[in-house]
Amino acid sequence: MMHLIALPVLLPLITGLLLLLMAGRKNFALNRAISLIGAGLLVLVAVLLFYTASSGVIQVYAMGDWAPPFGIVLVLDRLSAFMVLVTSVLAFFSIWYAASTMDHPAYNLNGLMHLLLMGINGAFLTGDLFNLFVCFEVLLLASYALLIQGDGPDRAKAALHYVVLNLAGSSLFLIAVATLYGITGTLNMADMAVKVAQLSEEEAPIVGAAALLFLVVFGLKAAAVPLYFWLPRAYSAASAPVAAMFAIMTKIGVYAIARMYTLIFGDQAGHLANLVQPWLWPLALVTLTLGFIGVLAGRTLRMQVSYLVIVSVGTLLAGLAIDTEASLSATFYYLAHSTWVCGALYLIVDLIRRQREDGSDELKSGPALPQATTLGILFFVAALSVAGMPPLSGFVGKVLLLNAVGTGYEAIWLWSLVLLSGLAAITALSRSGSTFFWRTSGGMAHTAKARAWPLAAAIGLLTTTPALALWGEPIIAYTDAMAEQLLNPEHYIQSVLRHTTVGG
Amino acid sequence: MELLISIMIAVMTACGIYLMLRGRTFPVIVGLTLFTYAVNLFIFVMGRLKAGAPPIIGTGESYTDPLPQALVLTAIVISFAMTAFVLVLALRARAELGNDHVDGAPVNEREDSRI
Numbered sequence: 001m002m003h004l005i006a007l008p009v010l011l012p013l014i015t016g017l018l019l020l021l022m023a024g025r026k027n028f029a030l031n032r033a034i035s036l037i038g039a040g041l042l043v044l045v046a047v048l049l050f051y052t053a054s055s056g057v058i059q060v061y062a063m064g065d066w067a068p069p070f071g072i073v074l075v076l077d078r079l080s081a082f083m084v085l086v087t088s089v090l091a092f093f094s095i096w097y098a099a100s101t102m103d104h105p106a107y108n109l110n111g112l113m114h115l116l117l118m119g120i121n122g123a124f125l126t127g128d129l130f131n132l133f134v135c136f137e138v139l140l141l142a143s144y145a146l147l148i149q150g151d152g153p154d155r156a157k158a159a160l161h162y163v164v165l166n167l168a169g170s171s172l173f174l175i176a177v178a179t180l181y182g183i184t185g186t187l188n189m190a191d192m193a194v195k196v197a198q199l200s201e202e203e204a205p206i207v208g209a210a211a212l213l214f215l216v217v218f219g220l221k222a223a224a225v226p227l228y229f230w231l232p233r234a235y236s237a238a239s240a241p242v243a244a245m246f247a248i249m250t251k252i253g254v255y256a257i258a259r260m261y262t263l264i265f266g267d268q269a270g271h272l273a274n275l276v277q278p279w280l281w282p283l284a285l286v287t288l289t290l291g292f293i294g295v296l297a298g299r300t301l302r303m304q305v306s307y308l309v310i311v312s313v314g315t316l317l318a319g320l321a322i323d324t325e326a327s328l329s330a331t332f333y334y335l336a337h338s339t340w341v342c343g344a345l346y347l348i349v350d351l352i353r354r355q356r357e358d359g360s361d362e363l364k365s366g367p368a369l370p371q372a373t374t375l376g377i378l379f380f381v382a383a384l385s386v387a388g389m390p391p392l393s394g395f396v397g398k399v400l401l402l403n404a405v406g407t408g409y410e411a412i413w414l415w416s417l418v419l420l421s422g423l424a425a426i427t428a429l430s431r432s433g434s435t436f437f438w439r440t441s442g443g444m445a446h447t448a449k450a451r452a453w454p455l456a457a458a459i460g461l462l463t464t465t466p467a468l469a470l471w472g473e474p475i476i477a478y479t480d481a482m483a484e485q486l487l488n489p490e491h492y493i494q495s496v497l498r499h500t501t502v503g504g
Numbered sequence: 001m002e003l004l005i006s007i008m009i010a011v012m013t014a015c016g017i018y019l020m021l022r023g024r025t026f027p028v029i030v031g032l033t034l035f036t037y038a039v040n041l042f043i044f045v046m047g048r049l050k051a052g053a054p055p056i057i058g059t060g061e062s063y064t065d066p067l068p069q070a071l072v073l074t075a076i077v078i079s080f081a082m083t084a085f086v087l088v089l090a091l092r093a094r095a096e097l098g099n100d101h102v103d104g105a106p107v108n109e110r111e112d113s114r115i
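Protein chains in written order, with our numbering: chain A, 1 to 504; chain B, 1 to 115.
Take the hints with a grain of salt, since some may be wrong.
[Claimed, not checked] Label-pair distances were calculated between CB atoms; the ranges are:
| hint | chain 1 | residue 1 | chain 2 | residue 2 | range |
| --- | --- | --- | --- | --- | --- |
| 1 | B | K50 | A | A411 | 48 to 56 Å |
| 2 | B | A95 | A | M444 | 53 to 61 Å |
| 3 | A | K364 | B | Q69 | 34 to 42 Å |
| 4 | B | I76 | A | I206 | 20 to 28 Å |
| 5 | A | E202 | B | V11 | 37 to 45 Å |
| 6 | A | A411 | B | I56 | 56 to 64 Å |
| 7 | B | L87 | A | T500 | 46 to 54 Å |
| 8 | B | A95 | A | F229 | 51 to 59 Å |
| 9 | A | G40 | B | A95 | 33 to 41 Å |
| 10 | A | L41 | B | M8 | 32 to 40 Å |
| 11 | B | M8 | A | G270 | 43 to 51 Å |
Please keep in mind that the hints were generated in silico from the structure rather than gathered at the bench.
All C-beta atoms, glycine included, are put in the ideal place defined by N, C-alpha and C.
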């Protein structure tokens with residue numbers, strides 16, 4: 001039971017390596033089966049961890065039995081368990097979709113998906129700053145390879161931008177980590193929280209600079225203004241299951257911001273307490289605004305969905321900037337919703353695209369789709385949810401967030417922008433929906449209907465949105481407890497630093 | 001020695017950033033490489049500069065911090081792998097787009113040909 005925490009990292013590693021070893025084989029059924037079983041087991045592990053964490057205990061796992069703060073630790077608290085669960089559910093359906101649609105050259109796609117998962121789960125679970133960097137690199141390297149799966153000049157161009165930007169980001173990450181280490185002499189996040197709180201007045205500005213450098217790095221990962229330009233093109237160029245899986249990638253940046261600036265630079269950080277929140281608020285609002293302008297301006301459906309991802313990032317960052325228990329709880333509820341729905345949207349757009357005569361998702365009328373009713377309903381539900389219409393989870397998330405902002409002048413900004421972004425989403429998506437499903441010309445398209453399996457994967461991922469609304473109460477109770485745990489990091493710090501190793 | 005190394009890091013970072021902002025993929029990759037060199041040196045220096053001291057406790061009078069050396073090793077390996085990857089990617093982009101501009105635009109369509 002104690003080793004369970006390491007499984008979200010080890011399981012995808014083993015599955016991924018197994019799949020990479022099988023890469024040259026012709027036996028595709030076995031490849032798909034292993035990939036799906038691996039993803040299914042991961043969901044089971046994530047659910048188990050989620051239950052463990054929901055009791056409020058913080059489990060610490062010292063890798064190789066080296067005691068913290070010197071060894072590398074994995075830490076399971078409510079937040080990391082929640083993020084691992086969100087990831088594994090998304091991954092399960094993306095891999096399912098990939099397994100049921102990709103039966104040609106993309107031999108390594110499944111293996112790389114699992115390696116990506118390993119990096120993501122590692123980033124959520126680790127309690128060590130340098131280890132966080134390594135996990136980021138693991139997931140980035142897998143994502144580079146996933147992005148250029150398949151051919152096409154668009155993909156090569158988008159991948160080049162994405163890779164170069166992220167390599168520069170990694171270097172900045174290293175500078176920030178090294179600066180923090182140089183001053184505090186530790187890399188363990190809990191230990192660093194203690195050291196940062198005791199900084200003298202002369203040392204504090206240097207650490208503050210490093211902390212803000214971290215904001216640049218995590219902002220790049222999260223695609224916050226002004227570092228979001230790579231996202232729409234990269235996500236639109238990626239193949240559907242990869243794009244769906246990438247819906248979690250921006251949220252890793254959001255997670256890292258939440259973790260870093262509550263644990264290390266939170267209320268108790270002495271000279272540096274809450275230094276990042278004043279920056280976060282304008283960034284969030286500008287991201288939100290540019291996001292919904294992009295949704296309105298998008299000329300392909302995938303471009304619109306990509307800008308919806310940016311809108312969700314803006315909304316999440318606003319929640320983090322308010323930095324109260326209620327707002328953090330709302331933020332993470334909204335995070336689960338937006339990740340799953342954006343993932344589902346990428347899958348649905350791909351299903352639509354495959355049934356179009358010209359195979360593109362450009363917003364122009366064409367022959368009617370063979371399965372217009374089914375796809376229309378799916379698109380309609382996803383659009384309602386992502387725009388924040390009742391009774392689906394997007395509405396619940398937005399209400400919680402708007403409720404949390406209070407009645408100050410901040411409320412004016414957030415209310416107007418969040419509601420405008422909802423309006424923009426509903427306008428843009430209803431325009432594209434009516435173009436694709438109603439304004440048809442030239443009879444029926446001569447394309448194959450979608451098979452049952454990919455359709456089921458998209459439907460499965462989409463059912464999470466009514467589920468999030470239906471079981472809203474227990475989920476919100478969990479996120480409330482999570483926000484409380486996040487804003488009171490003493491328990492986290494004590495659990496890590498007082499951890500005794502097995503060998504004593 | 002501190003001043004010399006600081007200047008070295010600063011110059012390498014400046015050159016790296018300048019090259020990264022160029023329009024063709026090859027200077028960009030060279031810029032990235034220079035930037036990672038600067039970063040590696042920076043990590044190493046963060047363990048404080050100390051001459052003639054081994055990174056092992058108990059072998060002599062003084063010792064130096066071994067952790068940045070381990071970190072630098074990891075960072076070097078990762079950046080080396082990434083450089084190899086981005087080189088292959090640049091070659092592929094060159095093959096698919098027909099030129100080596102980062103935006104994939106043909107040179108003769110640009111006003112400034114000296115990009």
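Hints and how they fare:
no.	hint	verdict
1	B/K50 <-> A/A411: 48 to 56 Å	55 Å, holds
2	B/A95 <-> A/M444: 53 to 61 Å	39 Å, violated
3	A/K364 <-> B/Q69: 34 to 42 Å	59 Å, violated
4	B/I76 <-> A/I206: 20 to 28 Å	25 Å, holds
5	A/E202 <-> B/V11: 37 to 45 Å	27 Å, violated
6	A/A411 <-> B/I56: 56 to 64 Å	59 Å, holds
7	B/L87 <-> A/T500: 46 to 54 Å	47 Å, holds
8	B/A95 <-> A/F229: 51 to 59 Å	25 Å, violated
9	A/G40 <-> B/A95: 33 to 41 Å	39 Å, holds
10	A/L41 <-> B/M8: 32 to 40 Å	50 Å, violated
11	B/M8 <-> A/G270: 43 to 51 Å	33 Å, violated
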